[in-house]
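Residue numbers (numbering that gives the first Met the number 0), protein chains in the order written: chain A, 0 to 330; chain B, 0 to 276; chain C, 0 to 340.
Quick caveat, the hints were computed from the structure, so don't treat them as lab data. Glycine residues also receive a C-beta, built at the ideal position from the N, C-alpha and C atoms. Please note: incorrect hints may appear among the correct ones.
These stretches of chain C come out as covered by chain B in the derived footprint (C-beta under 8 Å, 3 or more residues) [claimed, not checked]:
{"hint": "1", "stretch": "61 to 74"}
{"hint": "2", "stretch": "110 to 119"}
{"hint": "3", "stretch": "208 to 221"}
{"hint": "4", "stretch": "261 to 272"}
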Amino acid sequence: MQKITKNQLLDKAAELLDNGTVTAVLGWQKGEFDYDVTPALFENKEELFANFVWNDFCGANFSKYLIKHTRKVEGKILVFLKPCDTYSFNQLLTEHRFDREKVYAVGIPCEGMADIDKVKAIVGDGISSIDCGEKIKVTTIYADAAVEIDGKDVLEGRCESCKSKKHVAYDELLGEEGDVLDSNRFDEVARLEAMTPDERFAFWQNELSRCIRCNACRDVCPACTCEKCVFGNPKSGVENKSPANSFEEKMFHIIRAFHVAGRCTDCGECSRVCPQNIPLHLLNRKFIKDMNECYGEYQAGAEVGSRAPLVNYTTEDLEPGEVFDRRDTDA
Amino acid sequence: MMMEETLIPKIGVITDVRQDTPDIKTFRVVTPEGKKAFDHRPGQCAMLSIPGVGEAMFSITSSPTNTEFMEFSIKKCGCVTEWLHQAEVGQQITIRGPYGNPFPVDEVFAGHNMLFVAGGVGLAPLRSVINYCRHYRDRYGKIDIVYGSRSKDDLLDYKEIIDEWMTDAGVNVHLTIDREQEDWDGHVGFVPNYVKELNFDTENKIAVLCGPPIMIKFTLEGLKALGFKETQVYTTLELRMKCGVGKCGRCNVGSKYVCKDGPVFRLDQLDALPDEY
Amino acid sequence: MRKCSLDKLQSVFAAVNEKMPIYLPANGSDGKAVYTKWAEGVELSDSLNTVRSPKDFFFPQTENMMEFKTEGKTIEIIDVRDEKEDFVIFGVRACDVKSFEILDRVFLTDPVDSFYASRREHGIIVAMACTKPSETCFCQTFGIDATEPMGDVSAWKTDKEIFFKANTEKGEAFMKAIEALTEDADTKEVEAQKEATKKILKKLPLAELDTKAFGGGKTSEFFNHPAWAELSESCLGCGTCTFVCPTCQCYDIKDFNTGKGVIRFRCWDSCMYSDFTRMAHGNNRNSQKERFRQRFMHKLVYYPENNEGIFGCVGCGRCLSKCPISMNIVKVMKKIGGETK
Numbered sequence: 000m001q002k003i004t005k006n007q008l009l010d011k012a013a014e015l016l017d018n019g020t021v022t023a024v025l026g027w028q029k030g031e032f033d034y035d036v037t038p039a040l041f042e043n044k045e046e047l048f049a050n051f052v053w054n055d056f057c058g059a060n061f062s063k064y065l066i067k068h069t070r071k072v073e074g075k076i077l078v079f080l081k082p083c084d085t086y087s088f089n090q091l092l093t094e095h096r097f098d099r100e101k102v103y104a105v106g107i108p109c110e111g112m113a114d115i116d117k118v119k120a121i122v123g124d125g126i127s128s129i130d131c132g133e134k135i136k137v138t139t140i141y142a143d144a145a146v147e148i149d150g151k152d153v154l155e156g157r158c159e160s161c162k163s164k165k166h167v168a169y170d171e172l173l174g175e176e177g178d179v180l181d182s183n184r185f186d187e188v189a190r191l192e193a194m195t196p197d198e199r200f201a202f203w204q205n206e207l208s209r210c211i212r213c214n215a216c217r218d219v220c221p222a223c224t225c226e227k228c229v230f231g232n233p234k235s236g237v238e239n240k241s242p243a244n245s246f247e248e249k250m251f252h253i254i255r256a257f258h259v260a261g262r263c264t265d266c267g268e269c270s271r272v273c274p275q276n277i278p279l280h281l282l283n284r285k286f287i288k289d290m291n292e293c294y295g296e297y298q299a300g301a302e303v304g305s306r307a308p309l310v311n312y313t314t315e316d317l318e319p320g321e322v323f324d325r326r327d328t329d330a
Numbered sequence: 000m001m002m003e004e005t006l007i008p009k010i011g012v013i014t015d016v017r018q019d020t021p022d023i024k025t026f027r028v029v030t031p032e033g034k035k036a037f038d039h040r041p042g043q044c045a046m047l048s049i050p051g052v053g054e055a056m057f058s059i060t061s062s063p064t065n066t067e068f069m070e071f072s073i074k075k076c077g078c079v080t081e082w083l084h085q086a087e088v089g090q091q092i093t094i095r096g097p098y099g100n101p102f103p104v105d106e107v108f109a110g111h112n113m114l115f116v117a118g119g120v121g122l123a124p125l126r127s128v129i130n131y132c133r134h135y136r137d138r139y140g141k142i143d144i145v146y147g148s149r150s151k152d153d154l155l156d157y158k159e160i161i162d163e164w165m166t167d168a169g170v171n172v173h174l175t176i177d178r179e180q181e182d183w184d185g186h187v188g189f190v191p192n193y194v195k196e197l198n199f200d201t202e203n204k205i206a207v208l209c210g211p212p213i214m215i216k217f218t219l220e221g222l223k224a225l226g227f228k229e230t231q232v233y234t235t236l237e238l239r240m241k242c243g244v245g246k247c248g249r250c251n252v253g254s255k256y257v258c259k260d261g262p263v264f265r266l267d268q269l270d271a272l273p274d275e276y
Numbered sequence: 000m001r002k003c004s005l006d007k008l009q010s011v012f013a014a015v016n017e018k019m020p021i022y023l024p025a026n027g028s029d030g031k032a033v034y035t036k037w038a039e040g041v042e043l044s045d046s047l048n049t050v051r052s053p054k055d056f057f058f059p060q061t062e063n064m065m066e067f068k069t070e071g072k073t074i075e076i077i078d079v080r081d082e083k084e085d086f087v088i089f090g091v092r093a094c095d096v097k098s099f100e101i102l103d104r105v106f107l108t109d110p111v112d113s114f115y116a117s118r119r120e121h122g123i124i125v126a127m128a129c130t131k132p133s134e135t136c137f138c139q140t141f142g143i144d145a146t147e148p149m150g151d152v153s154a155w156k157t158d159k160e161i162f163f164k165a166n167t168e169k170g171e172a173f174m175k176a177i178e179a180l181t182e183d184a185d186t187k188e189v190e191a192q193k194e195a196t197k198k199i200l201k202k203l204p205l206a207e208l209d210t211k212a213f214g215g216g217k218t219s220e221f222f223n224h225p226a227w228a229e230l231s232e233s234c235l236g237c238g239t240c241t242f243v244c245p246t247c248q249c250y251d252i253k254d255f256n257t258g259k260g261v262i263r264f265r266c267w268d269s270c271m272y273s274d275f276t277r278m279a280h281g282n283n284r285n286s287q288k289e290r291f292r293q294r295f296m297h298k299l300v301y302y303p304e305n306n307e308g309i310f311g312c313v314g315c316g317r318c319l320s321k322c323p324i325s326m327n328i329v330k331v332m333k334k335i336g337g338e339t340k
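Isolated chain A, as found in the complex:
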């Protein structure tokens, strides 16, 4: 499905390592199967050529890792950024979370990433190999012949409503630049808004009751970069362990959504990693939609240093009483 090839990325990485531009490469490392890719820091060419992978399962957004790695690594780090990753990259720079000078960002085009669960829904379990070419060719231990899948049929949920194929940050771009897309990403939010409060409550009750409080959503979130999260601090009284009752269960996610409101770039990592398939991104998208409607279009991370509407007072800001009026006229 991807237009850019692994070799193009490898050649670029090798070139930048060789000419001393960078000392390490933040990339994807192959796993046991062809889809279980792990983010990794490659510090030499041997490791890179042995283990680097680029295929339709390289969904991980590396922006947040830059906080940790730029503190640790001497010299510059090469990071490969897909279009949606560049928004997180900018947002983190806006928040002064890492030193831009320590990063060499290479923008790479992305045709959307594949969801292994969707692949399995088509081919079944027992995958023995996946070959990501123009089509995704899958073999399993249960069938003699490989199955060819069109990548568009197994896109990750977030990629189905991709907001941008355009990179908003890079030092160098590989492949062709794309455009900001007219996405349908708010359709699902609108569907929730159309529900009655009781229906909506029941919807979230059902979704959030599955939460196992693993904190994967928080820990992967590029907007969640507090050095010490309030939910991980025993003294806060709202520590990250588990809900004491069904009310608290919802509080964690709602508070988190509030906390990242205006800073969430809608990268979708939260929903991608949730082991319980909770559509957490919908909480964040609701905030984005509301802010767009109330304060005008704003995309977090579109540029470095922009002020999010919630932290930027203007005389144009609406009064509380005008909220519903303005939204009605816009809708």
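Got chain A; can you put chains B and C on it based on the hints?
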């Protein structure tokens, strides 16, 4: 009839609070009926809690030979301890235990000369075993106690040390404080150096150490220099605990759980553990 | 051995449900299998396994242990434990059945955890043989036979029928409850299924993974292995692996003030969390590398050291499919075990 459950505590009543040092208080605890909550062995611990505040593990500082009550010397350093420091006589708390592997006072220590080395609040776990040895005085040889703290005011159980320990036959107490101060004519200096200065012989002797990690580290070096073997030295570990019975999974060092297999470890046992304490 | 046709499965559930509640993997609103209390219309999922392991039944994510009422200086402790009733967990896979043994060795050793014990005593496990294992399965590594799943009752599902065999007294009770719906069966079809599955098991990509390098007494060999840094480098420090793991059993005890009193509850905890071992004056596992190492050392070295060589993993593969960064015990075993051979 429900099974006995160790995680469900008993009620304890604080019947006495003693301000030992500026940041250490000693609490006397009995059941509402005025009895000792349970029997214990020297070095064992108990979980104390205040509902709504939390639960924490403390070493029982009173000797098992005291059949009336238990005492806990507690330094103010976290939620539970801060709350306890505000507690008054008559306050109820919860208590469960005893937990942990005690000092082998009868099995191993009996018949030996004893050297106790403590720093700061580290005297708390040793007080139990020291008083046990004093109680069964004839079972033990010569007893030396080296105890140091930051200042005279920071010496725990000072009155008991002066009035009781120092007056016992065959018990030698060597006190030291970190820096000189006006009303102190005793030894000044850190515990590890004092231990070296005192130049103890190792003959038929067991050394028991408790104190801050840095004190333990340097005292161990000193003891080794004096010729102590690893099998002659005992100490205690302290890690975060929740259940107290080796199930909640947080206080392990390698395959050993401090709450269950410790807190008392012989030095050679400790050396066999990975360096993660 | 008894059997019945699959058309009668709903009647089987209904018959059991007359006597006691029965829980089975059914597809939830997200299409993933989740243990669900049977009621009319609840269908057994075709999925290989549930996302959440069945450990919840004995060791729930959260459980109230006791309550306190405080007034002035006095405290009242209220024992909230109740007498449990028998229940059936239907369709447990062999790996998960084995996980109960691993949990038992923690919770049922002296002092027995009464919360766990009372549930365990009342739970009847109907285990289901696997026929279509996933590439993430490696139960064979731990000597588990997916075709002979044990439990109180072993069950085998073919295209048309389901076979049952009682293994314990509790299992006999289950068989009795469904007696009228089942008939005697020979073992021919079951044996044929087992043979077929065993051939598939041999073809699994992780079929060759072995535990030879690991076990009790290996602490010094692996503790300072240089690969821990690389393996843990991208670990997010979340608790996904821990919470989907059927054998992870660490817990926290916390108090919650309801305004009317204090509830002391226990909940799952994770050694991957930064505050797991933090004390007022320090933390003996300060970095994610140390916390990551603890989790795998526990399963591969510490647990076997304390439990006659039994490993703290059953190869269910949940962490393989759920870790956000796809780092897991298989990768650890291959990297660390492989290099020392």
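The hints, checked one at a time:
1. With 7 residues bearing a CB less than 8 Å from a CB of chain B, the stretch 61 to 74 of chain C meets the requirement of three and the coverage assertion stands.
2. With a threshold of 8 Å between beta carbons, the proposed coverage of the stretch 110 to 119 of chain C by chain B holds, since 7 of its residues qualify and at least three are required.
3. Closer than 8 Å: that is the beta-carbon criterion, and the stretch 208 to 221 of chain C has 3 residues meeting it against chain B, so the requirement of 3 holds.
4. For the stretch 261 to 272 of chain C, the assignment as covered by chain B holds, since 5 residues bring a beta-carbon within under 8 Å of that chain's beta-carbons and 3 suffice.
Checked against the numbered hints given earlier, this structure breaks none of them.
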